[in-house]
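**Student:** Sequence:
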Amino acid sequence: MRNPRNTVLASGLALVSAMALTGCVAGEGSAAAGGGEGAGAGEWSTDTLNIDFATYNPLSLVVREQGWLEEELDGVEVTWVQSDGSNTANENLRAAAIDFGSTAGSAALLARANGSPIRTVDIYSQPEWSAIVVPGDSEIKDVADLEGASIAATKGTDPYFFLLQTLDEAGIPLDEVEVQNLQHADGRAALDNGSVDAWSGLDPIMAAAEAEAGDKLIYRNIDFNTYGFLNAREEFVDEHPDVTQAVVDAYEQARAWALENPEELSALLAEVASIDPEVAATVIEDRTVLDLDPVPGDQQRDVLEVVGPIFVESGDVPAQENVDTALDELFAPEFAQEAVASDG
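Take any residue in the sequence shown, count from 1 to its spot, add 199: that is its number in the numbering used here.
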């Protein structure tokens, strides 16, 4: 049962004022999220924590459901805000509406390269969460058929950059397609009502579209999907390293729980995302790798070094210098390193 002490707010910058009016009673006790003892009431460096949860970030659902942060951060008011996509998480991080936000790696790099002061403190998954989707009866059979097509994609998110990489690989210039910038759920709706020819989709919405509407994935490539990044505002990381560590510790506790309880995790995703349990199981068991090194480092940088020049070519980042600087500044690996060491 979900911890009733959590205050859950819908995503969006319009809710910043609502967050100020809505109280969360912090959890009592000092059970450590990742091992060790909590700081105790009044001893944390901040008395508020605003953190997101997202259906594309399974570990966030576990941390929120279990109430570990409320228990550990005695005296800290924990507020949960839902992110509908990497773009909304980045918007809320930039506006300081949240302190921690879930994005794809590509979206984190894009934000940092365009001046958003965020740091990646944990890698929550390696997902295959993006693909090119068409209706079941579509005449579009492969990527080559996308030339001249209208395609829905959410700019600033992994599906958008998946689309850019797919078109680039196929030799189709971006100006040879019409990209409709729609939020993920709206992209699926546009596909199903015929407003677009294709959709660069995101799980779990994409898996639901397959099961419910018979939509087809015409192109999959896990190498075009960047990792799941847990990002924090740089100011928060610098000023509140104790709470940052508590969040990362909770994430690593969630990873251990998720690996031991895949069926329960699928059920939790199904509940939060309002999707069929079998669809949720497909997302968790077939398209999400959780058993990985959580420390942001060379593997993620290698992926982002491929994506970065595409940002510049598409005009999403003004210069490669911005990308290179962002790559040098984005990762804050010390928190995940400490969490792993503590578990060991």
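These are computed hints drawn from the structure, not numbers from a lab. Check before you lean on any hint, since a few could be wrong.
Here are the in silico distance ranges between beta carbons for each label pair [said to hold, decoys possible]:
hint	residue 1	residue 2	range
1	Glu368	Ala466	33 to 41 Å
2	Thr245	Gly370	44 to 52 Å
3	Glu463	Gln536	25 to 33 Å
4	Gln536	Asp367	30 to 38 Å
5	Glu470	Arg419	39 to 47 Å
6	Gly370	Ser244	31 to 39 Å
7	Ala540	Asp374	34 to 42 Å
8	Ser473	Pro372	32 to 40 Å
9	Gly496	Asn460	21 to 29 Å
10	Asp501	Ala540	20 to 28 Å
11	Ser394	Gly370	36 to 44 Å
Calculated lysine to aspartate or glutamate pairs in the EDC-like style (CA-CA distance at most 20 Å, straight line) [stated by the list, open to error]:
hint	residue 1	residue 2
12	Lys415	Asp497
13	Lys415	Asp341
14	Lys354	Asp485
15	Lys415	Asp385
16	Lys415	Glu338
17	Lys415	Glu512
18	Lys340	Glu375
19	Lys415	Glu433
20	Lys340	Glu368
21	Lys415	Glu290
22	Lys340	Glu377
23	Lys354	Glu411
24	Lys340	Asp246
25	Lys354	Glu338
26	Lys415	Glu346
27	Lys354	Asp336
28	Lys354	Asp385
29	Lys354	Asp475
30	Lys340	Asp391
31	Lys415	Asp515
32	Lys415	Asp391
33	Lys415	Glu438
34	Lys354	Glu377
35	Lys354	Glu368
36	Lys415	Asp374
37	Lys340	Glu409
38	Lys354	Asp367
Every residue, glycine too, gets a C-beta built ideally from N, C-alpha and C.
**Student:** Against this structure, judge whether each hint is valid.
**Tutor:** Each hint tested on the structure:
1. Glu368 with Ala466: 33 to 41 Å: With Cβ atoms ~37 Å apart, the hint holds.
2. Thr245 with Gly370: 44 to 52 Å: At roughly 51 Å between Cβ atoms, Gly370 and Thr245 fall inside 44 to 52 Å, so the hint holds.
3. Glu463 with Gln536: 25 to 33 Å: Roughly 28 Å apart at Cβ, these two residues keep to the hinted range, so it holds.
4. Gln536 with Asp367: 30 to 38 Å: The hinted range 30 to 38 Å holds for Gln536 and Asp367, with Cβ atoms some 35 Å apart.
5. Glu470 with Arg419: 39 to 47 Å: Given a distance of about 27 Å, which is not inside 39 to 47 Å, the answer is violated.
6. Gly370 with Ser244: 31 to 39 Å: Because 52 Å falls outside the window, the suggested range is violated.
7. Ala540 with Asp374: 34 to 42 Å: violated (50 Å)
8. Ser473 with Pro372: 32 to 40 Å: holds (38 Å)
9. Gly496 with Asn460: 21 to 29 Å: holds (27 Å)
10. Asp501 with Ala540: 20 to 28 Å: holds (24 Å)
11. Ser394 with Gly370: 36 to 44 Å: violated (26 Å)
12. Lys415 with Asp497: violated (34 Å)
13. Lys415 with Asp341: holds (11 Å)
14. Lys354 with Asp485: violated (26 Å)
15. Lys415 with Asp385: holds (17 Å)
16. Lys415 with Glu338: holds (11 Å)
17. Lys415 with Glu512: Violated, at roughly 29 Å.
18. Lys340 with Glu375: holds (18 Å)
19. Lys415 with Glu433: Violated - the C-alpha atoms of Glu433 and Lys415 are around 40 Å apart, more than 20 Å.
20. Lys340 with Glu368: OK: Lys340 and Glu368 at ~16 Å, within 20 Å.
21. Lys415 with Glu290: Violated. Lys415 to Glu290 sits at ~31 Å, over the 20 Å cutoff.
22. Lys340 with Glu377: holds (18 Å)
23. Lys354 with Glu411: violated (25 Å)
24. Lys340 with Asp246: With a Cα-Cα distance of about 54 Å, the restraint between Lys340 and Asp246 is violated, given a limit of 20 Å.
25. Lys354 with Glu338: Answer violated: Lys354 to Glu338 is near 25 Å, above 20 Å.
26. Lys415 with Glu346: holds (18 Å)
27. Lys354 with Asp336: This hinted pair is violated, its Cα atoms lying about 26 Å apart.
28. Lys354 with Asp385: The given pair, whose Cα atoms are some 13 Å apart, holds under the 20 Å limit.
29. Lys354 with Asp475: violated (27 Å)
30. Lys340 with Asp391: holds (17 Å)
31. Lys415 with Asp515: The hint is violated at about 29 Å.
32. Lys415 with Asp391: holds (11 Å)
33. Lys415 with Glu438: Measuring from Cα to Cα gives roughly 47 Å; hence the hint is violated.
34. Lys354 with Glu377: Holds: Lys354 and Glu377 sit about 13 Å apart, inside 20 Å.
35. Lys354 with Glu368: holds (19 Å)
36. Lys415 with Asp374: Violated, at roughly 24 Å.
37. Lys340 with Glu409: holds (16 Å)
38. Lys354 with Asp367: holds (16 Å)
Checked against the numbered hints given earlier, this structure breaks hints 5, 6, 7, 11, 12, 14, 17, 19, 21, 23, 24, 25, 27, 29, 31, 33 and 36; the rest are met.
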